[in-house]
Amino acid sequence: MGDVADAAGAAIPHPDSEEDDLYHPHSWLTKYVFSQDAKVIGVQYSLTAISIGMVALVLSWLMRLQLGFPGTFDFIDPPAYYQFITMHGMIMVVYLLTALFLGGFGNYLIPLMLGARDMVFPYVNMLSYWIYLLAVLVLVASFFAPGGPTGAGWTLYPPQAVLSGTPGQEWGIVLMLVSLALFIIGFTMGGLNYVVTVLQARTRGMTLMRMPLTIWGIFTATVMALLAFPALLVGAVMMLLDRLLGTSFFMPSLVEMGQQLRYGGGSPILFQHLFWFFGHPEVYIVALPAFGIVSDLIATHARRNIFGYRMMVWAIVAIGALSFVVWAHHMYVSGMHPYFGFFFATTTLIIAIPTALKLYNWLLTLWRGDIHLTVPMLFALGFIVTFVNGGLTGLFLGNVVVDVPLSDTMFVVAHFHMVMGVAPVMVIFGGLYHWYPKVTGRLLNETLGRIHFWVTFLGAYLIFFPMHYLGLLGVPRRYHDLGQTAFVPDSAHTLNAFISVVALTVGVAQLIFLFNLFWSLRHGRNAGGNPWNATTLEWQTPETPPGHGNWGAAQPVVYRWAYDYSVPGAERDFIPQNDPTAVGMTR
Amino acid sequence: MPDTAPADAQDTMMQPGGWRSLVADWSSDQRAFKSASWGKAMMWIFLLSDTFIFSCFLISYMTVRMSTVVPWPNPSEVFALEIGGTSLPLILIAIMTFVLISSSGTMAMAVNFAYRRDRVRTALLMLVTAAFGAAFVGMQAFEWTKLIHEGVRPWENPWGAPQFGSAFFMITGFHGTHVTIGVIFLLIIARKVWRGDFDQQRKGFFTSRKGRWEIVEITGLYWHFVDLVWVFIFALFYLW
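As given, the protein sequences belong to chains D and V, one line each in that order.
Positions 830 to 1416 (my numbering) are the ones given, in order, by the first sequence.
Positions 9 to 248 (my numbering) are the ones given, in order, by the second sequence.
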């Protein structure tokens, strides 16, 4: 550490200079298409994820049309409805949220925020994107395969996922499983890069405890993903063998249409365990980057240092670790031993502690802050509100006795859409409004952004709040048509129609965002290098958008933590991390 | 500029104790693992992830072994070979295990010579390791062929639970794929060592990065891991 005391920076060779051997593109193709630059890969990931996310959005409109106005649309028959549900869920959770947070934000921000020139293995990083794209294409191909995509529900529970009564049994399920396996392979390539870059390729002065919380969130989520995705990979491989070779890993003895099938002796519950050993950490794989990003958005736009930085870091790590021992709370109704239920309910409720800690810290950061209600800030505040909401219903569902009656009702749908649908998407939008100026050099249009925010935020509440009520009434999820059911009053049908109208409106509001994304590319206000007066390194690049290698001649040297906002005695209300002046807090 | 030192320099001078010092070490400047290069760190983390894959496979195998209602075939009988009129249980598996563990020995020697920058011995020992690995995969192919001739299929077998064949082909297949990839990896690196790529700092074909001697050790990490996994497969599938 002694040599770092020399602030000249450039004079001291970077210890990784031997390894840090950048690939320089020679043609348009290697610069923009087969690029090894993490920034380009991040943009590629983001655009692909948003595109496939649009498909999932359209699927949700179709589902809402059927639920709100049953019998009106002939082409949405039960098989089609199940296919829409399945593809909507899987695309949103894996191909949009995971890919956008880790592949998109991760690739763009990790090297920039750490002061690195690129990821540690740019070539592997490039392969990661192309395999992800292949996974997406295989998934899309299932729409055109005979029999269409699988309609097994996003959880793909066997035995029904493999049986002939399920739509997409011919090709859909096979393509889905292959696509998931490809996604995992591609993700592993990228994920190893993100983790090693954070651990081993930080610039001088950047200790782990000085990293912006965005990086902490993405880093912890990536470690979790590297440990959780293997379970899904194994589950996918085994189900693929069940479907294609007729093995019976997950298949018990079955009679189908009066015919005894060749299967027998397998364990369907095994798949549920494998799936949720992946599936529950997956919730936090999506949530932790959101936690991190929202911390930075709040600190920057409230001009306040984040409250309790160390506790925030430990909370992220604790949530990540705990999320591996809660998976069976998704399986309370699978017939598990009550003691297991007790154990998993306890661990589930314990997670509320670090999560609540983070929440209080966000509020205390806002407390008496100089809050600028910019569009990113609006979305950050929207996240806090929706996340609290979804988190509280999580406490209901985490308890076995409350979960059992609510299981498989619309209450569950409302809960997880609020907590891992709306809330992370709020952060994604906030993040896109926040970092778009760094990526393009121009700000997104503010007026369109505000319209987008208010319609999305209020709309999300109008959609999902009533759904809790439907769930309490006992309206089941995954039903194509409620029909005439004694316990479902007529008002529930009216409510469903209302939800559908709002959902379509919110859907249209997303088109405003897409328009803004393209329009501002040309016509947005010029942003300059640091439009939000932020402290983190990505805003201190010599060029905007940052050039190849990010930092010009010398990598930055870090002298302080990422949250020196409104430091008493400082000239400006923020001190960049690479500013050596020793005023105020230096951590 | 009153004080140009990053604050961390002062922190480390204070020397905190206990857990705090552990955290301070881990989170200190630039690298968490001071002596590990990027490549080595990446291989370790990949292996951690791969451990979870194999654990999931083995736990799944144990689960279906419990869930099936048909008796499990006796592995000592299934994997016995008739040699000179006597039936030797698990003899082939014992040889395979011996070969694979020996290959770990030659790999360790190759790493040692790589540290001494001894091109010829390193390359030769890597080739020997690759040959052991190839022999292992060859014996596995023989074992598969024998079992397939005896009527074992992923979906059925003559002796009992169909999950026996399913788990056998899946787990040994997945492990065999790992060994095969390792053999290919060894051959490529051995060629580079032989040619002197790492002394001449020749750039990689795909990555256009300079090759480093350290890749021998990284290959070794992978190879030892594949070996270690086999020990677990041997214990849990063949001996149980």
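Some clues are possibly wrong.
Facing chain V, according to a computed beta carbon distance under 7 Å, are these residues of chain D, among others [unchecked claim]:
| id | residue |
| --- | --- |
| 1 | G918 |
| 2 | V949 |
| 3 | V1025 |
| 4 | T1036 |
| 5 | L1069 |
| 6 | R1072 |
| 7 | P1097 |
| 8 | L1192 |
| 9 | L1193 |
| 10 | L1195 |
| 11 | W1196 |
| 12 | Q1339 |
| 13 | L1340 |
Quick caveat, the hints were computed from the structure, so don't treat them as lab data.
Every residue gets a Cβ at the ideal spot worked out from N, C-alpha and C, and that includes glycine.
Against chain V, is D/R1072 within 7 Å by beta-carbon distance? The hint is violated - D/R1072 has no Cβ within 7 Å of chain V, the shortest such distance being about 12 Å.
At a threshold of 7 Å, is the proposed contact between D/L1192 and chain V supported by beta-carbon distances? 26 Å, violated
Given D/P1097 as an interface hint, is its Cβ closer than 7 Å to any Cβ of chain V? With a minimum Cβ separation of about 9 Å from chain V (threshold 7 Å), the hint on D/P1097 is violated.
Closest C-beta approach of D/V949 to chain V relative to 7 Å, hint status: 4 Å, holds
Going by Cβ atoms only, is D/Q1339 closer than 7 Å to chain V? 35 Å, violated
Closer than 7 Å between Cβ atoms is the bar; does D/G918 clear it against chain V? Give me holds or violated. Result: violated, 22 Å to nearest chain V Cβ.
Would the hint on D/W1196 stand, with a C-beta cut-off of 7 Å toward chain V? 26 Å, violated
When the nearest CB of chain V is found for D/L1193, is that gap smaller than 7 Å? Violated. Min distance 23 Å.
Given D/L1069 as an interface hint, is the shortest Cβ-Cβ distance to chain V below 7 Å? 10 Å, violated
Interface hint compliance - D/T1036 to chain V, C-beta minimum distance less than 7 Å: With a closest approach of 5 Å, the D/T1036 hint holds.
Interface hint outcome for D/V1025 [beta carbon to chain V under 7 Å]: Because about 5 Å separates D/V1025 from the closest Cβ in chain V, which is inside the 7 Å limit, the hint holds.
Per-residue hint verdict: D/L1340, partner chain V, C-beta under 7 Å: Constraint on D/L1340 not satisfied, violated at 39 Å.
In this structure, the earlier hints numbered 1, 5, 6, 7, 8, 9, 10, 11, 12 and 13 are contradicted, and the remaining ones agree with it.
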